[in-house]
Amino acid sequence: MPLPPPLDDPAKDREWKPLSADARQKYECSLDDTCAVNIPQPKTPEEEDALVGKFLAGLDKLFTKENNWTFLQPLLLTMEYCARCNTCSDACHIFEASGRNELYRPAFRSEILRRLYFKFVRRGGVVSAWQHGDIDLNWPLVARLIELAYRCNICRRCAQTCPIGADNGLVAHELRKLFSQEMGIAAKELHDSGSMLQLKVGSSTGMNAVVVKDNIEFIDEDTTEKTGIQVQTPWDVEGADVLLIHNAGEILAWPENPGAFALILTAAGIKWTLSSELAGYDSINYGLWYDDAQLARVAVKHAEAARKLKVKKIVLGECGHAHKALSVIADRVLSGDLNIPRESSMTLLRDIVMSGRIQLDPSRNDFPVTLHDPCNMVRLMGVVEPQREIVRKICPRFREMEPHGVDNYCCGGGSGFAIMSGNNFPDWRFHVSGRKKLEQILNAFSDCLDPSIPKYICAPCSNCKGQFRDLLAYYGLWENHRILYGGLVELIVNAMVNVKPGFIEWEWR
Amino acid sequence: MTSLLYGIIYACALVFAAGCILRALRYARMPLHLRWELYPVPHEAPERAAHGGSYFEQLDWWTQPRDSNFLGEIVAMLAEIVLLKGVWAHNRKLWFRSFPFHFGLYLLAATAGLLALSALLNLVAPTAMPGSFGVGLHYLYAFTGVLGVVLAIAGAAGLLFRRLTDSEVKVYTTPGDVFNLLAFVVTLGLLGAGYLLRPSTLSLRGIAEGILRFDTALEIPGLLAAGLVMAALLAAYIPMTQMSHFIGKYFTYHSVRWDDRPNLRDGALERKVAECVRYRPTWSAAHIGADGSKTWADIATTNPAQQVKK
Chain A
67 MPLPPPLDDP AKDREWKPLS ADARQKYECS LDDTCAVNIP QPKTPEEEDA LVGKFLAGLD
127 KLFTKENNWT FLQPLLLTME YCARCNTCSD ACHIFEASGR NELYRPAFRS EILRRLYFKF
187 VRRGGVVSAW QHGDIDLNWP LVARLIELAY RCNICRRCAQ TCPIGADNGL VAHELRKLFS
247 QEMGIAAKEL HDSGSMLQLK VGSSTGMNAV VVKDNIEFID EDTTEKTGIQ VQTPWDVEGA
307 DVLLIHNAGE ILAWPENPGA FALILTAAGI KWTLSSELAG YDSINYGLWY DDAQLARVAV
367 KHAEAARKLK VKKIVLGECG HAHKALSVIA DRVLSGDLNI PRESSMTLLR DIVMSGRIQL
427 DPSRNDFPVT LHDPCNMVRL MGVVEPQREI VRKICPRFRE MEPHGVDNYC CGGGSGFAIM
487 SGNNFPDWRF HVSGRKKLEQ ILNAFSDCLD PSIPKYICAP CSNCKGQFRD LLAYYGLWEN
547 HRILYGGLVE LIVNAMVNVK PGFIEWEWR
Chain B
44 MTSLLYGIIY ACALVFAAGC ILRALRYARM PLHLRWELYP VPHEAPERAA HGGSYFEQLD
104 WWTQPRDSNF LGEIVAMLAE IVLLKGVWAH NRKLWFRSFP FHFGLYLLAA TAGLLALSAL
164 LNLVAPTAMP GSFGVGLHYL YAFTGVLGVV LAIAGAAGLL FRRLTDSEVK VYTTPGDVFN
224 LLAFVVTLGL LGAGYLLRPS TLSLRGIAEG ILRFDTALEI PGLLAAGLVM AALLAAYIPM
284 TQMSHFIGKY FTYHSVRWDD RPNLRDGALE RKVAECVRYR PTWSAAHIGA DGSKTWADIA
344 TTNPAQQVKK
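Keeping their order, the protein sequence lines are chains A and B. The first sequence begins at 67 in the working numbering and counts up one residue at a time. The second sequence begins at 44 in the working numbering and counts up one residue at a time.
The set of hints was computed from the structure by calculation and includes no laboratory data. Please note: incorrect hints may appear among the correct ones.
What follows is a list of derived Cβ distance ranges for each label pair [said to hold, decoys possible]:
1. B:D334 - A:F186: 52 to 62 Å
2. A:Q107 - B:E211: 28 to 38 Å
3. B:A317 - A:L207: 33 to 43 Å
Below 25 Å or equal to it, Euclidean Cα-Cα: the simulated PhoX-like pairs (lysine-lysine) are [as the list claims (entries may be wrong)]:
4. B:K128 - A:K367
5. A:K379 - B:K292
6. B:K292 - A:K131
7. A:K131 - B:K337
8. B:K292 - A:K367
9. B:K213 - A:K131
10. A:K185 - B:K315
11. A:K185 - B:K292
None of these values were measured; they are calculated from a predicted model. Where is the CB? At the ideal position from N, CA and C, for every residue including glycine.
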């Protein structure tokens, strides 16, 4: 897919780093030009048969209420009602950016699962094959399907356009679930270094409670010095109105974000707290993308932290998938005294900004700003306007990307890709899954690409920021065109009149 | 032979009805699933539905009364069902084939309903029929019938042509897909031809009355009879295939895409979830810890990372 200026010369596009021969030899890499899951190649035909047997056992379980009450109805409807009209295809940024590579057509993956469903779960024979299509099952198919499940951002743009309501994003989700919950196969960044690490020490960053408190203390000091406003983050305050839970990645990678939150909430007179309970200070929930049990476990930990402190509500910091996981998907998992109200920080911040509780000077944000919509906030949760009301108020040179809101495009880092950097997977993220978003950014700033004009992508989501960090660095867009990225709270603090000017430091990080 | 024709029509009507009901019941009886909605949700308050917003945009949303925009939902449904709005927006080329096909079928369903009404009225109130009402009814079902057949055949043929010639669609097309569309083309063709070539003494209302009264004295010409048999068999076949998406779509939209019901404390959803978390899964991966005896609730409150540590 061609890009607009200044990346419109295909000859100047960066070349893919090829997949190493070592990786190709050790892992199942026959799907395409990259490898996300690193499945070791079986050594014998018997091993292959055993794996196929496990896959079939998992496939059966996926369609039983005992094993999959969580998504059985939506999955069955998708299996039984696809009209194979391909309306979904044109909505998919991955399919488009790949140059319409058939592997990445949303319906391709679903069609494989559908045929497997009718043949092996419904035990269909000749008539079923005639009606639904036939398929041969073997280890190469299963191995490729594992990888293919990790070539979808689960942004559900395809589902939004399906006239019947079939959901190809759900299919990728369910396949990942089958592989994880039955075969113990998942991208290590999501499982071993993700949800398991979070459940072990408290955060997927590896920070335990002592370390995170230490880091926040440092951030408070730094914020106080930078802004001239005394900031001290409260911990474990019983009876607070708000338990704020950040994506802990912010604390390590973008400390100005939790610092800005602390300053805003304190200045607005909100009675708030962080929690030092296990997982209580890290809103991430990677199980959302690949494993229902892990999703539920982490959601329960988040709610338990809130219950212990007897807070009135949980507020999710700037993290899209955390928003969706705790507010929407896990909503029905949290019952009784774990059913504590959950709110988006976008909503709370809008209330603070529009109420006048903090004094703001938009001229401090007099630079081009565009807003990236995290899929999990907009299309999958309906939080669209609050962040826009804020940006319109405090950013005089705000311009939208097109399309935006519930029609947004994924940053390309969704469903965990932003934290997956093994092999040459980042190249796939930049050249394929992130390409449409890159086009949108360049179009949004087409009138001000000159490097003398610093520009800001407001991205109120940690994983999206991770993708932008890598994407902008890859294409030299900070170096050559001064395109920076950051969260929403940084813009708010930057505009606060009682804060020393220059909270947003135009430096790369 | 007329008895056989009537028998086939009634049996197939029964199979169609039973098939649709069974299919709907199957989906309706599935357990409550986790929320998986997709915005925009049309029953949201109009000021939020306009941009695809949800009640999460309200501060302390759980303290606010739930807005219910039933009219918004009805308008969205009608636009989708009658005009195929989604296809118009996202796949214009397909819309020019799919819309006439579906609208033609709606007109034919209306024709069947009007014929049944006309036949019933003629049986119970025969004096009303020669008057303006009866004549008006006659012209109405004649119009809907002819237009319906023309649109549906054109649409079905267009869809079939696309399936067979568009390289991106062809690769996903199964023999069943081709058969389904061909069946419509052939059935509607037979019905249309049979209607045009019928004896002038045989009216559509007369056939409808004959079916209702099981009038074995009525002689129906072979071509028309073949069309009626094909239509009956096709109707019976529909619930067994994805052509019954008029059923599935109710659930994909109302039970999934538009199901944004929050789980409130002590509410009905909590009671349903309580049933589901008692299920005993059997997933095999070690970190799940499912052995068929533990419930979902047990598994969700177990920490596999801490257990390994122990």
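Hints versus structure:
no.	hint	verdict
1	B:D334 - A:F186: 52 to 62 Å	violated, 24 Å
2	A:Q107 - B:E211: 28 to 38 Å	holds, 33 Å
3	B:A317 - A:L207: 33 to 43 Å	holds, 39 Å
4	B:K128 - A:K367	violated, 43 Å
5	A:K379 - B:K292	violated, 36 Å
6	B:K292 - A:K131	holds, 21 Å
7	A:K131 - B:K337	holds, 15 Å
8	B:K292 - A:K367	violated, 36 Å
9	B:K213 - A:K131	violated, 35 Å
10	A:K185 - B:K315	violated, 32 Å
11	A:K185 - B:K292	holds, 24 Å
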